[in-house]
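A.B. asks: Make a model of the complete structure from these sequences and hints.
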Amino acid sequence: MEQKKKIKIAIIILAILLGLSILALGGTLVYNKLANNTPTTVTVPDNLITPDEDTTKPDSSENNSQAPDSSDTQTPRSSANASSSAVPTQSTTAEAKKAATIELYNKQPEENTPFAVGNMFPGDVETKYFRVRVSYHDKITVHYKATVRPGYEKLAEVLKVRVNLLSTGETMYDGLMRDMPESLTHKLASKKSTTDELYYEITAYLDTSVGNDYQNKDLIADFKWWVEETGNLDASPQTGDTSNILLWAALAAGSLSMIIILLKTRRRKEDEENV
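Numbering-wise, the sequence shown is residues 1 to 275 according to the UniProt record's numbering.
Bear in mind the hints are in silico, worked out from the structure with no lab data behind them.
One or more hints might be untrue.
Claimed, not checked - Taking CB as the label site, the calculated pair distances span:
#1 29 with 9: 29 to 37 Å
#2 106 with 2: 53 to 61 Å
#3 28 with 265: 25 to 33 Å
#4 108 with 212: 40 to 48 Å
#5 98 with 231: 29 to 37 Å
#6 270 with 29: 37 to 45 Å
#7 9 with 194: 46 to 54 Å
#8 108 with 171: 22 to 30 Å
#9 41 with 257: 38 to 46 Å
Said to hold, decoys possible - Straight-line distance between alpha carbons at most 20 Å, and here's what the computed SDA-like set of lysine to any residue pairs gives:
#10 154 with 175
#11 224 with 121
#12 224 with 178
#13 107 with 197
#14 264 with 13
#15 107 with 230
#16 139 with 197
#17 97 with 151
#18 224 with 151
#19 224 with 252
#20 224 with 101
#21 145 with 101
#22 97 with 165
#23 8 with 187
#24 128 with 184
#25 224 with 183
#26 191 with 235
#27 192 with 232
#28 107 with 193
#29 139 with 199
#30 107 with 194
#31 128 with 146
#32 191 with 146
#33 97 with 170
Note that CB positions come from ideal geometry on N, CA and C, so glycine has one too.
C.D. replies: What follows is the structure in structure tokens.
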């Protein structure tokens, strides 16, 4: 009788552990799902953005048409020459810049994010920052493309976009968004598995010469990043950590196994007593 009581208590304890394990396992899976679906934001490193940087500076070829003196050579961005189509300057302040995170890895070789602007006036600008995390090995090429959605062609006639790769200081494109090439590319290479980060500064702007016909117009575009060498992509660092899931799954399986063993033992003893 005493042994039956002990077995019953053990079964109850194991059943509680099993229930807690299942709840923890389910909670972990739900959390991981929500964490992967929610875009995270990070602060753009200070060394990638110069405090006095002109984030809306037009193509430098416009200023190169004049021969600079010695002072221009030292501070080319302070040049005062302007035209009716020049974009007004907007200096980056000390305020931290936030970048949305884009993840590219073996189970997600491409990712899209919408970009919307509206009610823009001549000279207005809209700047967004993106951190593209790529998990890979060997050699890959990261592609980027902005595609204007159907129905927003009016503002697309004049809306310009400048794409700066802050990680290298390269201006990848500066022109009408609708005329962007099929893709802007950046190559990465690593002999071993790694995760690299690329910071993009994407600025949409209207020249000051744009007419009033384009005011109060909206535009929605899709920003897309992708990698075609999918065989060289690795697991994401976020999705690669499954230690908590394995722990709770093992605990649940162990508890269930012990309950089954104890139930069989209890039934066998009851059968022996009834004989």
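A.B. asks: Each hint needs a verdict: does it hold in this structure or not?
C.D. replies: Hint by hint, here is what the structure shows:
The given range of 29 to 37 Å is respected by residue 29 and residue 9, whose C-beta atoms sit roughly 31 Å from each other. Separation of residue 106 from residue 2 is about 57 Å and conforms to the stated range, judged on CB atoms against 53 to 61 Å. Our hint of 25 to 33 Å for residue 28 and residue 265 holds, since their Cβ atoms are close to 32 Å apart. Between residue 108 and residue 212 the C-beta distance comes to about 43 Å, which sits within the given range of 40 to 48 Å.
Remark: the range hint 29 to 37 Å for residue 98 to residue 231 is upheld by a beta-carbon distance near 33 Å. Between residue 270 and residue 29 the Cβ separation comes to about 38 Å, which falls inside the hinted range of 37 to 45 Å. Separation of residue 9 from residue 194 is about 52 Å and conforms to the stated range, judged on CB atoms against 46 to 54 Å. Against the hinted window of 22 to 30 Å, the Cβ-Cβ separation of residue 108 and residue 171 comes to about 28 Å, which satisfies the hint.
A hinted range of 38 to 46 Å holds for the C-beta pair residue 41 and residue 257, which are about 44 Å apart. The hinted pair formed by residue 154 and residue 175 meets the criterion: a straight-line CA distance of about 16 Å does not exceed 20 Å. Between the alpha carbons of residue 224 and residue 121 the distance comes to roughly 26 Å, so the proposed pair goes past 20 Å and is violated. With a C-alpha separation of about 14 Å, the suggested pairing of residue 224 with residue 178 holds against the 20 Å cut-off.
A hinted pair counts as satisfied when its Cα atoms are at most 20 Å apart, and residue 107 with residue 197 qualifies at roughly 18 Å. Proposed proximity of residue 264 and residue 13 is supported: the alpha carbons are some 16 Å apart, at most 20 Å. Taken as a hint, the residue 107 and residue 230 pair is honoured in the structure, with Cα atoms around 9 Å apart against an allowance of 20 Å. For the proposed pair residue 139 and residue 197, the alpha carbon gap of about 15 Å is at most 20 Å, so the pair holds.
With a CA separation close to 31 Å, the supplied pair residue 97 and residue 151 exceeds the 20 Å bound. For the hint pairing residue 224 with residue 151, the CA-to-CA distance comes to about 19 Å; that is within 20 Å, so the pair holds. Proximity of residue 224 to residue 252 is assessed by CA-CA distance (about 41 Å); at most 20 Å being required, the pair is judged violated. A hinted pair counts as satisfied when its Cα atoms are at most 20 Å apart, and residue 224 with residue 101 qualifies at roughly 13 Å.
For the given pair, residue 145 sits about 16 Å from residue 101 by alpha-carbon distance, which is consistent with the 20 Å threshold. With a C-alpha separation of about 15 Å, the suggested pairing of residue 97 with residue 165 holds against the 20 Å cut-off. Simply put, residue 8 and residue 187 have alpha-carbon atoms about 64 Å apart, too far for the 20 Å limit, and the pair is violated. Between residue 128 and residue 184 the CA atoms are separated by roughly 17 Å; this keeps the pair inside 20 Å, and the hint holds.
Of the pairs offered as hints, the one joining residue 224 and residue 183 holds, with about 9 Å between alpha carbons and a cut-off of 20 Å not exceeded. For the suggested pair residue 191 and residue 235, the alpha carbons sit about 16 Å apart, so the restraint of at most 20 Å is met. For the proposed pair residue 192 and residue 232, the alpha carbon gap of about 10 Å is at most 20 Å, so the pair holds. About 15 Å separates the Cα atoms of residue 107 and residue 193, which keeps this hinted pair within 20 Å; it holds.
Simply put, residue 139 and residue 199 have alpha-carbon atoms about 19 Å apart, close enough for the 20 Å limit, and the pair holds. A hinted pair counts as satisfied when its Cα atoms are at most 20 Å apart, and residue 107 with residue 194 qualifies at roughly 16 Å. Annotation: proposed proximity of residue 128 to residue 146 holds, straight-line Cα distance about 13 Å (limit 20 Å). Among the hinted pairs, residue 191 with residue 146 is inconsistent with the structure: their alpha-carbon atoms are about 31 Å apart, more than 20 Å.
A C-alpha spacing of about 19 Å is found between residue 97 and residue 170, which places the hinted pair at or below 20 Å, so the restraint holds.
Taken one by one, the earlier hints fail for this structure at numbers 11, 17, 19, 23 and 32, listed in ascending order.
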